[in-house]
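Asks: Spelled out from the first residue to the last, the chains are:
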Amino acid sequence: MTVDLTAVRGRSFRARRPWGLWAAVAFLAAAALAGLCAPLVAPQAPGATDLMNSLAPPGTPGHPLGTDSTGRDVLSRVLYGARLSLLAPLGVVLLASLLGITLGLTAARLGGWADIVVSRGMDVVFAFPGLLLAMLVVAVFGPGVVAPVCALAVSYTPFIGRLVRNAAVQEGARPYPEAYRVMGFGGLWVTVRHLLPNIAPMLIAQGTLSFGYALVDLAALSYLGLGVRPPAADWGSMISQSQSAILQGAPWGALVPGLAVLGTVVSLIVVGGHIGGSIVKKGERT
Amino acid sequence: MSAAEHGPDDVLTVRGLRMEAGPPGSPVPLLDGVDLRVGRGETVGLVGESGSGKSLTARAALGLFPAGARVSGAVTAAGTEVIGADRAALRGLRRHRVSMVFQDPRAAVNPVRRVGDHLTEALRARGVPRREARDRALDLLERVGIRDPRTAVRRFPHEFSGGMLQRVVIAGALSTGPDLILADEPTTALDVTTQAEVIALLDSLRRERGTGMLFVTHDLDLAAAICDRVHVMYAGRIVEETTGAELLSAPAHPYTRALVAASPSLHGDRGAPVPVAGRPRSLAEAPSGCSFRDRCPAADDACAAAVPAVRRHGGAAVACLRPAAVAL
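These protein sequences, in sequence, are chains W and E. The first sequence begins at 1 in the numbering used here and counts up one residue at a time. The second sequence begins at 1 in the numbering used here and counts up one residue at a time.
If we strip away everything but chain W, and leave its shape as in the complex, we get (with noise of 0.2 Å):
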């Protein structure tokens, strides 16, 4: 039976105040609603063009954050930004993870030549740069968000897979797998039912750092010209289209998006970081 111990902890033993990790927190959902809200808080269209007011700087009247090149509202366009910015680095990490757990999952629970197999097949994506496998697919399909988005989902697939996978062998090695295979509960059960909740905290450590790696990269993508096609817009072509303007003395319409890039990607270092770290602390204790 467990003892609360709150009731006598003293003031020197409470945990030093985790603020970096609010301010992630707080930082990954202001961007998160400013996704879903955008056209509630935007003070324009993201597309419409004001040439009248082109290259305006921060506060101007209607234009909190200025204007691009072209007249357009830096900031309506990163709100609206932060959806595709958002979205397609998720559904990277979803679908990594989904090939990654099932790979890994397969290869720990079948061992031998699956094992062998599965693993240097990881290895081989793994030795592959993402980003190059990402224009390759480009270039065959075409540029636009499911293409990168399922390319870097390969590429991130082996660390994922690796992950589980040995995590599933260390775990499964452990006497309760076996347990439930004595309570008559077949391998398939037990590998996904009492292995994968076992590993679940690691898989979300790792997930929440693939998904910063993959907003970059994306934006890296999109900064190329090979992702997000205009008039459609994200945090990386828009900072692709607003480079010229640096030079004219115009640094916001780059520097806006550049920031909640910076921002958000920081922000997932400092949680997943803090994830993993507790997942740390735990199996020191156990």
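If you are wondering where the hints come from, they were derived from the structure by calculation, not from laboratory data. For glycine and all other residues, C-beta sits at the position ideal for the given N, C-alpha and C. Heads up, none of these hints are tricks.
Just a few of them, taken from the derived set where beta-carbon distance is under 8 Å, the chain W residues facing chain E:
1) 174
2) 175
3) 176
4) 179
5) 182
6) 183
7) 184
8) 185
9) 194
10) 197
11) 198
Each pair of labels, with its calculated beta carbon distance range:
12) E/66 / W/25: 46 to 56 Å
13) E/66 / W/126: 30 to 40 Å
14) W/37 / E/87: 53 to 63 Å
15) W/90 / E/156: 24 to 34 Å
Given the structure of chain W, go ahead and fit chain E onto it with the hints provided.
Replies: This is chain E only, laid out in the frame that chain W set:
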């Protein structure tokens, strides 16, 4: 051996169980001619040192053999012939008829799922509706002496002490109403007071429900206290079958006598514990004939000739040419 005289009420009969592992060219023998039976409502002990094959024998009752092992003989658990049984038969046997209680409760329960999920999982898999399974789980927790079952089902395994968690595991083992419980050193990981409680619990449940129990342990006093009959194993063979009462008072096989002399006692006339000379052998490295003969003070050339046949000695059945020849 009386194991051969099995009755229709037996929940477990093992006859001539042989097991070997390794490549067919150079097999590693693990078990040789193990005979035992467990009747309905009976507690049968299986004692011996580590590596003597106790756990292998207990697991064989569930059709759990080491990977690549070759098995022969007959194992009938709850009416099912286990050796050569197909997947569906084994699954049914494990789900409905035979349960196992492990040494370390903390290792035998999925740490991230709630106790209630653990208890209802087997029932749900059988098709018992959710509410009914939950009520059964509450009932079982009450039965095994967990206070406030309603909050207990919401807890995680780490919120329980070892003894309490072993009660939960026992409740889980009972959830399907099994005919046979295999208890593999169920109290070794617990401290002495909880040990007594868990033993008393297992014994009362057995009495109440008429479940047969195979109790694997290396604690002779415990085996003598709770078992109707005790089988002593050495190097993959059963060397003596005796009653729980006579295990300590009249051990016959030199190995049993050595074990009794080696276990410390708080009361009675036994002196200081006497260690058994030599180290335990596995069947693979045992000498020819009687596998205990290289550690046995009474052994001579006759013991090397063949594995001694089982003979009666008082209330016991002993595989020894000179039972009770060694002084206690």
